[in-house]
Amino acid sequence: MTDSPVQVNALIVDATDPERLAVFWSELLGRPVVGRMGPYVWLRRENGLGLGFQQTDEPTSGKNRMHFDITSPNPAAEQQRVETLGGRRLEQYDEGGFLVMADPEGNEFCIIPEGTFELDDEGRANYLGQQDRLCLGATSTA
659 MTDSPVQVNA LIVDATDPER LAVFWSELLG RPVVGRMGPY VWLRRENGLG
709 LGFQQTDEPT SGKNRMHFDI TSPNPAAEQQ RVETLGGRRL EQYDEGGFLV
759 MADPEGNEFC IIPEGTFELD DEGRANYLGQ QDRLCLGATS TA
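So the number in this note's numbering is just where the residue sits in the sequence shown, counting from 1, plus 658.
Keep in mind that the hints were calculated from the coordinates and are not lab data.
Misleading hints may appear alongside valid ones.
Stated by the list, open to error - Estimated spans, in silico, between C-beta atoms of each pair: (1) N784 <-> G693: 35 to 43 Å; (2) D661 <-> R747: 33 to 41 Å; (3) E749 <-> D661: 40 to 48 Å; (4) P663 <-> G696: 25 to 33 Å.
Glycine included, C-beta positions come from ideal geometry on N, C-alpha and C.
Given only the sequences and the hints, what does the whole structure look like? Please build it.
See below:
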């Protein structure tokens, strides 16, 4: 693979209330808010990637065409933290086996376990069932 002169510099999330959304993601990711410029609120850049929130007039509608996957050693515990911060679980995606959440403005993201996990031929995961067993103290069969 060759080096490309093009790189992803920042991810920008449209928001009707960019300050509120920046605070949610700041708390979730442990990245402080570091700047405000015009309609943008920025979190601290990490690993070369910026994360900003841009003021828009239109709320999120429908399924995101792109979403974040965040990792956690304990997705179930992270779900509780997300809900405490103002996010919610999107149960309509449970059949896929992923823990799909929404931030306070409805932007979807997944909480996935650290490391690898298996997918079936249809792209469904089963880490939630594994995590439930781990949370109950049973050993993993993976």
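Hints and how they fare:
no.	hint	in the structure
1	N784 <-> G693: 35 to 43 Å	41 Å, holds
2	D661 <-> R747: 33 to 41 Å	40 Å, holds
3	E749 <-> D661: 40 to 48 Å	43 Å, holds
4	P663 <-> G696: 25 to 33 Å	27 Å, holds
Against the hints set out earlier in the document, no violation occurs for any number.
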